[in-house]
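A.B. asks: As a plain string of letters, each chain reads:
Protein chains: 2
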Amino acid sequence: MHLATVAHAAGTSAAVLDGDVWRALPAADLSALLAAGTPVPAVRAQAGTVIDGAVPVLPLPAPRKVICCGLNYADHIRETGRELPTRPTLFAKYADTLTGPGADLVLPKGLDVDWEAELAVVVGATLRRADRPTALAAIAGYTVANDISVRDWQYRTLQWFQGKAWDASTPVGPVVVTPDELDPAEGVEVICRVNGEQVQRGSTRTLVFDAADLLAYISTFTVLRPGDLVLTGTPGGIGAAREPQRFLADGDVVETEIPGIGTLRNTVRFTA
Amino acid sequence: MHLATVAHAAGTSAAVLDGDVWRALPAADLSALLAAGTPVPAVRAQAGTVIDGAVPVLPLPAPRKVICCGLNYADHIRETGRELPTRPTLFAKYADTLTGPGADLVLPKGLDVDWEAELAVVVGATLRRADRPTALAAIAGYTVANDISVRDWQYRTLQWFQGKAWDASTPVGPVVVTPDELDPAEGVEVICRVNGEQVQRGSTRTLVFDAADLLAYISTFTVLRPGDLVLTGTPGGIGAAREPQRFLADGDVVETEIPGIGTLRNTVRFTA
Numbered sequence: 001m002h003l004a005t006v007a008h009a010a011g012t013s014a015a016v017l018d019g020d021v022w023r024a025l026p027a028a029d030l031s032a033l034l035a036a037g038t039p040v041p042a043v044r045a046q047a048g049t050v051i052d053g054a055v056p057v058l059p060l061p062a063p064r065k066v067i068c069c070g071l072n073y074a075d076h077i078r079e080t081g082r083e084l085p086t087r088p089t090l091f092a093k094y095a096d097t098l099t100g101p102g103a104d105l106v107l108p109k110g111l112d113v114d115w116e117a118e119l120a121v122v123v124g125a126t127l128r129r130a131d132r133p134t135a136l137a138a139i140a141g142y143t144v145a146n147d148i149s150v151r152d153w154q155y156r157t158l159q160w161f162q163g164k165a166w167d168a169s170t171p172v173g174p175v176v177v178t179p180d181e182l183d184p185a186e187g188v189e190v191i192c193r194v195n196g197e198q199v200q201r202g203s204t205r206t207l208v209f210d211a212a213d214l215l216a217y218i219s220t221f222t223v224l225r226p227g228d229l230v231l232t233g234t235p236g237g238i239g240a241a242r243e244p245q246r247f248l249a250d251g252d253v254v255e256t257e258i259p260g261i262g263t264l265r266n267t268v269r270f271t272a
Numbered sequence: 001m002h003l004a005t006v007a008h009a010a011g012t013s014a015a016v017l018d019g020d021v022w023r024a025l026p027a028a029d030l031s032a033l034l035a036a037g038t039p040v041p042a043v044r045a046q047a048g049t050v051i052d053g054a055v056p057v058l059p060l061p062a063p064r065k066v067i068c069c070g071l072n073y074a075d076h077i078r079e080t081g082r083e084l085p086t087r088p089t090l091f092a093k094y095a096d097t098l099t100g101p102g103a104d105l106v107l108p109k110g111l112d113v114d115w116e117a118e119l120a121v122v123v124g125a126t127l128r129r130a131d132r133p134t135a136l137a138a139i140a141g142y143t144v145a146n147d148i149s150v151r152d153w154q155y156r157t158l159q160w161f162q163g164k165a166w167d168a169s170t171p172v173g174p175v176v177v178t179p180d181e182l183d184p185a186e187g188v189e190v191i192c193r194v195n196g197e198q199v200q201r202g203s204t205r206t207l208v209f210d211a212a213d214l215l216a217y218i219s220t221f222t223v224l225r226p227g228d229l230v231l232t233g234t235p236g237g238i239g240a241a242r243e244p245q246r247f248l249a250d251g252d253v254v255e256t257e258i259p260g261i262g263t264l265r266n267t268v269r270f271t272a
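Protein chains in written order, with our numbering: chain Y, 1 to 272; chain B, 1 to 272.
All the pointers check out, no bait thrown in.
Note that the list lumps identical chains together, so a pair holds whenever it fits in one copy or between two copies.
Dumping the calculated SDA-like pairs for lysine to any residue here, alpha-carbon to alpha-carbon at most 20 Å:
id : residue 1 : residue 2
1  : K109      : R129
2  : K109      : T220
3  : K109      : V194
4  : K109      : R128
5  : K109      : V223
6  : K109      : Y217
7  : K109      : Q154
If you are wondering where the hints come from, they were derived from the structure by calculation, not from laboratory data.
Please take these sequences and the hints and turn them into a complete structure.
C.D. replies: Here it is, written out as structure tokens:
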């Protein structure tokens with residue numbers, strides 16, 4: 001299944017793709033649908049009327065947790081000059097950090113804004129001190145994210161959070177694809193383009209910690225609930241690791257694509 | 001005013017202290033009261049009946065953000081061997097990380113669990129790119145917190161989050177004291193005792209970044225809302241900086257006190 005939160009004339013709705021039309025699911029968005037506790041495989045049976053003019057927006061507007069893994073692709077780790085890790089490097093975002101698949105990235109001018117295309121995992125069941133098989137079974141689906149990073153703030157101190165949690169800076173979407181239709185273990189491509197030029201392309205085959213590893217590890221210290229998001233890290237090719245460094249400019253169009261899921265298309269808009 | 005969320009026979013209620021009794025405020029807890037938008041100075045007028053058998057519990061059970069400053073007391077910075085910072089080091093917790101003023105700290109055995117007594121700031125108004133005077137005026141009050149830290153997980157990777165976000169590990173409370181009754185700029189003592197032995201004692205006069213500095217700085221990148229919490233860092237005396245290092249043992253009683261606010265009293269309970 002392809003699931004989404006779609007905007008339409010009367011508001012938003014959780015929705016499931018049926019051929020080339022979106023059918024309504026009984027919730028205002030996927031966060032609410034997952035919080036209501038319906039197991040994801042059962043939602044197709046809830047599909048209602050066709051939604052005319054449906055436009056996918058941020059699929060999960062209200063996760064309680066958005067936990068990100070850094071340094072998880074062998075090639076990206078090498079470009080930062082580090083050794084392969086034995087434990088995942090984790091940091092947090094909040095729901096406010098997220099934005100939609102077509103939203104402008106509105107940030108104050110003068111920041112060193114960089115891209116990080118990522119596969120994101122949507123949690124589908126409550127996980128607490130879960131083993132790997134339990135974590136794997138709890139994956140509701142996968143979506144696309146770009147962990148847009150304000151590098152100068154990220155490196156002001158030892159902790160990355162203040163460069164990673166700018167409001168409405170992390171686009172997510174456009175859809176959530178269920179695990180029966182997409183298996184990152186077989187390798188899905190994670191691609192970033194800036195103004196049409198490919199700047200990142202990696203395969204999830206090279207992930208050091210895969211989705212189930214991350215969910216199980218995180219659940220050791222904090223509960224994960226339906227609708228929570230885990231971002232799995234970015235492949236090589238970030239702007240900060242280039243020589244010379246390259247950051248996003250006002251008007252730049254950032255496309256983040258995972259074939260089999262879809263493409264985010266976000267334009268950078270700097271404010272005074 | 002002293003505000004709290006109190007437990008009683010019929011559930012919980014936001015409450016205001018009137019002499020030596022707690023009077024009900026019209027919300028189930030302080031998170032809900034603040035989210036409803038009543039300015040804090042106006043809540044006394046909402047005080048209702050006396051609540052018999054009121055026991056303060058976690059005052060803010062549902063903050064959207066819990067943002068913490070590390071390395072903010074000159075003496076604690078020196079004990080970690082670092083220079084005085086020009087920018088606050090920030091990291092995130094979630095609502096799940098918090099627990100009540102008398103709750104047991106239930107953690108798996110075998111972890112290096114350490115104390116960090118802190119002054120916590122309760123946000124009382126929405127702040128977005130606020131200057132310092134605006135941030136100062138938006139402080140609803142102050143409470144006590146202990147940023148209990150799992151040191152071995154904190155230092156597994158570069159990012160502290162996984163050692164700082166164990167569920168129900170950060171006690172907060174017992175009450176929230178409004179700024180008209182407590183001014184950290186004049187210096188309030190932040191004290192931690194383990195089994196009665198004082199292990200930390202610092203004054204907020206030595207904070208590098210004070211409450212208003214932190215709220216203004218954070219609001220540059222993310223909105224703060226009524227009920228959000230900002231932890232201001234811990235003074236010297238943590239167990240990890242001792243020689244030899246000292247961590248908490250099963251049954252240890254951790255008391256965290258700020259005179260003028262109150263005392264948290266939490267017992268460590270290790271599980272198998």
